[in-house]
Every structure is written in C-alpha cells, then in structure tokens.
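Student: The task is simple: from the sequences and hints, build the whole structure.
Here the protein sequences come in this chain order: G and Z.
In case it helps, numbering that gives the first Met the number 0 puts the first sequence at residues 0 to 485.
In case it helps, numbering that gives the first Met the number 0 puts the second sequence at residues 0 to 62.
Source of the hints: derived by calculation from the structure; they are not laboratory data.
Careful: at least some of the hints might be erroneous.
Label-pair distances were calculated between CB atoms; the ranges are [said to hold, decoys possible]:
(1) G/F249 - Z/L32: 40 to 50 Å
(2) Z/A14 - G/D64: 21 to 31 Å
(3) Z/K9 - G/R276: 46 to 56 Å
(4) G/A367 - Z/Q7: 11 to 21 Å
(5) Z/E6 - G/R276: 30 to 40 Å
Quantities reported herein were computed from a predicted structural model and do not represent experimental measurements.
Heads up, the beta-carbon is just placed ideally off N, CA and C, and yes, glycines get one too.
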Amino acid sequence: MLSAHATRSMVIQSTMTEHLPSSIAEAGEWLRSGRTTSAELTEDLLARSTAAQDTIAAFVTITDDAARAAARRADAELASGHDRGPLHGIPLGIKDILATFDAPSTANSRVLDPAWGQRDDATTVRKLREAGAVLLGKTGLHEFAIGWPDPETGFRIPRNPWDLARTPGGSSSGTGAAVAAGLVLGGLGTDTGGSIRGPAAYCGISGIKPTFGRVSKEGCVPLGYSLDNIGPMARTAFDCALMLQVLAGFDPLDPCSASVPVPDMLAGLDGSVAGLRIGVPHEHFLDVPELNAEVKQAVLAALDCLAAAGASVVDVELPHGTVAQHAQRAIMFGEAYAYHEPDLQTRPELYGKYTRQALQQGAFYSAADYVQAQRVRSLFCAEVARVLATVDVLVTPTSLSVAPTFAEYDPDAMRMLPSFMGQWNLTGLPALSVGCGFSSAGLPIGLQIIGKAFDEPMVFKVGDAYQRLTDWHTRQPGITQEAQLA
Amino acid sequence: MSDMTPEQIKHAVDAVVAAARLPLTGEDYERLLRTYPMVQAQMATLRFPEARYGEPASIFSPR
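Tutor: Below, the structure is given as structure tokens:
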C-alpha cells in the first residue's frame with residue numbers, strides 16, 4: 000500500500016506536549032481559568048496538524064483561517080461572559096464525509112459530486128459550531144467509508160500514530176489518528192459496521208456509535224442507510240459524553256431521527272459500577288480462535304477490574320452473533336450498492352480499486368438476501384433485548400487484534416474473519432470503545448461496551464468508571480518512534 | 000453453494016456481472032470470483048427455521 004513512498008525511516012516527534020491539554024474537559028478548565036485561550040490552543044494544534052501531514056496525514060483539508068476566526072470569536076464571547084458550554088473554544092476535526100459550508104466535502108473520493116460537497120453544514124456540524132467548537136478541518140477516511148485506501152486516488156492515507164506502518168483503522172481513520180496524535184481534542188466519525196469503534200480501538204482512544212436515530216445523519220454521505228451513525232471520538236468516555244450531549248436530538252431533516260428526550264449524558268458519571276450487571280457473550284464474541292490472545296487477555300483483565308469495583312460479571316447467551324454479522328453485511332452491501340450502482344456502471348475507474356471492488360460485491364446480494372437479513376435483524380434484536388433485560392450492559396472485545404500493518408491487508412481474508420461490531424449497527428444499540436491495554440508490541444487494545452437503546456448514559460457510566468480505575472487512556476504515542484515504510 | 004465448482008462460480012459471476020452491467024478490470028473480476036462463494040455461504044446462514052417466517056425489520060411509516 001505504501002509503495003508510492005520509498006522505503007525510508009521516519010521519526011515522529013512527541014505527539015503531545017505539556018503545554019497542551021489532554022482532554023476536552025481539561026481544555027475547558029484551562030480556557031476558563033485563563034491558562035490558555037482558544038486562539039492559542041488552535042494555533043498550536045494547527046501547527047502540529049500541518050507538520051504531521053507528511054507523517055500521520057490525518058486531514059484532507061485544514062481550515063486554518065476559519066479555525067482562527069472561530070477561535071477568536073470563542074475567546075471574545077468567553078471574555079464577555081457568553082459561555083456556550085463544554086465545547087466552547089475546543090478544537091475538533093470533522094470526518095470528510097460530513098458536509099461543511101466552509102470546506103469542500105470529498106468522502107475521500109473523486110466520485111462524489113462536487114456540488115454535494117459545497118452544500119451547507121450537516122446538522123451535526125452546525126450543532127458543534129453553535130456549541131462554540133472550533134473546527135480545524137476535514138479528517139481523512141476510507142473512501143466512502145468502505146474498502147481500504149488506494150494511494151492512486153491522490154488522497155493522503157492516514158497512519159496510526161502508534162506505528163506509522165500500521166493502519167489507524169477505518170473508516171474514520173483520520174479522526175482516530177488526529178485524536179490519538181493530539182492534533183485535535185475530539186472529532187466526528189461515522190459508523191456503519193464499526194468505523195468509529197475500530198479506529199478508536201486501534202488508536203487507543205474512545206469512540207461511541209450512538210443509538211440509531213439519536214444523532215441526525217442529515218448532511219452525511221450514506222453508506223448503509225439503515226445502519227449509519229454519526230458519533231464522537233475523543234480521548235475519554237467523558238469527553239465523548241460531552242460531545243454527544245451536543246450532537247443528540249431529533250432532527251426533522253433526517254427521516255431516521257428519533258423523537259425521544261435527550262438525557263443528561265453526564266448524570267451517571269460518578270466513577271461507580273457497584274451493583275451493575277455486565278453480560279459477557281462468549282460464543283462468537285470471546286471464544287473464537289481468531290481472537291488475538293493478548294486482546295482476549297486484556298479484555299478479561301478489564302472484566303476482572305470492573306468486577307473488583309463491584310460489578311457483577313455474568314455469562315450471557317447470544318447464539319446468533321455470527322449470523323447477525325452476516326445479516327449486517329448483506330444489508331450494508333445492499334444499501335451501499337443501491338447508492339453507488341450508477342457510478343459503478345459508468346465511471347468505475349474513478350474509485351480507488353479497493354473501494355470499487357468492495358462495492359461491486361453488492362451485486363451478489365439478492366433482494367431475497369436483503370429481506371432475509373432484515374428478518375434475522377428482527378430475530379437478533381429480540382434475542383439481544385431479552386439478554387439486556389437481565390444486565391445493564393454487554394462487554395466484548397472491540398476488534399479481533401491490534402492494528403495490522405498496511406502490508407498485511409488482505410481483503411478476502413478480512414471478509415472471513417469474525418467481527419464484534421456490526422451486530423450493534425444491526426440492532427441499533429449504543430456501543431462505546433475504550434482502551435483496555437496494550438500489546439507486547441505497544442499497540443492499543445479496545446474494549447466494547449454495549450447498552451440498551453437510548454441508554455448511552457449507562458454506557459458512558461461504565462466506560463468512564465473503567466477509565467477512572469485505569470490509565471490506558473492517558474498514554475500517548477511515544478516521544479520518538481521510527482517506522483519502516485515499505 | 001460453497002461446494003460449487005470453479006466453472007459454476009464463473010458462470011454465476013458472469014451472469015451477475017452481465018445483469019448488473021458492471022465494467023470490470025481483470026483484477027476486479029478475479030476478486031469477484033474469489034468472493035462469490037464466500038458471500039453465498041454467508042447468505043446461506045441467514046436461512047434457518049426461526050428466521051423463516053419472521054417479520055423483516057424494515058422501516059416504514061404510512062404517515
């Protein structure tokens with residue numbers, strides 16, 4: 000994948016420094032105490048983001064001038080006593096599949112109609128701006144949120160700050176890499192089968208796929224209409240909760256938007272899991288030979304940690320986990336193919352080859368396959384609801400392994416592997432990934448926490464409590480690391 | 000479907016590609032040949048008794 004780059008040794012300087020806050024919550028304290036200003040913070044992060052474009056390559060577009068102007072406005076408002084809340088003056092990144100009025104939107108593709116890319120803000124972007132956030136730019140992604148990056152498309156390929164020879168995961172690769180590298184304090188991702196949680200796990204950060212309908216999808220290029228979600232990615236579960244509080248809410252412009260009350264996402268974040276019941280599905284989600292031994296060990300250790308803090312960890316049965324994964328893929332590929340069919344027929348050469356080849360497979364799924372997958376969806380939703388009636392959350396590994404190298408990518412092999420994430424797009428349930436350890440090679444490992452529909456506060460409660468008990472989320476990519484890019 | 004012969008796979012893929020009017024590179028075609036049996040095997044797992052007459056989770060409102 001990196002053949003366009005000559006084999007070379009690359010040195011990354013420290014990705015975080017002491018004069019920068021490590022979280023949204025901490026940045027908010029600094030801004031209000033006068034320790035820094037949004038303009039200073041923004042200038043620092045713009046400089047770091049620009050400098051990292053030849054290494055981490057997190058951004059498609061950096062919106063320097065707009066960010067500086069927004070930061071100055073944020074500072075002026077705070078100085079005048081107008082405080083818009085926890086995101087006021089906070090630099091964030093936006094996945095480049097979401098529309099922004101002040102920067103083109105590409106979906107990392109030469110195929111997307113440029114006219115679409117010039118439209119007004121997506122609802123989520125508008126909400127962030129209204130909350131006072133400073134948007135540093137558009138972060139990179141796998142083309143149309145599917146497939147694998149192809150350097151021949153001309154777009155930069157985001158790389159994992161923990162090891163530049165490895166993927167940050169996908170499809171929200173740029174946001175994951177940017178947060179992990181300390182280029183932004185948070186950002187937006189999208190998730191149809193794990194595209195927020197996978198990069199969160201591979202990059203050692205936190206990310207949540209909210210309940211389907213909780214966050215408006217308006218202004219997002221679709222992948223799977225009935226599976227897509229927009230959600231926050233940040234260093235901590237607490238920061239994700241701060242962001243989701245702003246993003247959540249009914250939007251008449253999105254037909255899938257849910258007209259339900261938005262709870263206080265922070266209300267339960269008291270550090271306690273005492274008395275909570277945590278269900279662990281072993282079949283498909285833990286007892287599978289493909290699961291990396293270090294990942295399994297880290298997840299089991301995390302469960303021990305939560306049990307020691309007073310939670311009850313119980314085994315639960317989800318016998319249709321594997322078939323649910325197949326149903327999610329049938330729906331995702333069917334819905335994606337319906338969107339892309341005309342372009343696949345008339346100008347396939349404009350897609351990167353991995354994206355094109357992934358989307359072409361959508362032709363294999365019949366209408367009967369799609370309907371049957373929707374039947375399985377009903378069945379699995381009912382199965383999971385029965386289990387969740389007995390526990391507060393479910394816990395699984397986020398991914399099978401740590402981040403693979405670009406050279407290891409094998410799309411056919413990947414299709415055969417178990418996944419632990421798409422099932423929650425199928426059910427629509429909220430699912431959060433938080434870091435739960437590191438491999439012997441120093442690569443992050445993710446823990447997935449799944450909750451009941453619209454019960455993100457409980458998911459955050461468990462994730463935040465775990466992060467108060469551990470320090471995985473405070474670790475940052477090394478001061479200096481070398482990567483052989485081949 | 001997983002016990003299809005290479006010839007049967009080729010015929011099936013050719014039929015799908017023709018019906019879908021997909022222009023392919025040689026590499027695209029080879030990938031589809033490799034993927035087809037896998038997709039068919041996964042779709043076969045969706046057909047089991049409990050899911051035979053279930054109500055599909057389609058989203059539709061008459062309002």
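Student: All hints are to be evaluated individually against the structure, with a verdict given for each.
Tutor: Against the structure, the hints come out as follows:
Against the hinted window of 40 to 50 Å, the Cβ-Cβ separation of G/F249 and Z/L32 comes to about 46 Å, which satisfies the hint. Roughly 54 Å separates the CB atoms of Z/A14 and G/D64, a value that falls outside the hinted 21 to 31 Å. Between Z/K9 and G/R276 the C-beta distance comes to about 52 Å, which sits within the given range of 46 to 56 Å. Judged by the Cβ atoms, the range 11 to 21 Å given for G/A367 and Z/Q7 holds: they are separated by roughly 20 Å.
Between Z/E6 and G/R276 the Cβ separation comes to about 54 Å, which falls outside the hinted range of 30 to 40 Å.
Of the numbered hints given earlier, the model fails hints 2, 5; all others are met.
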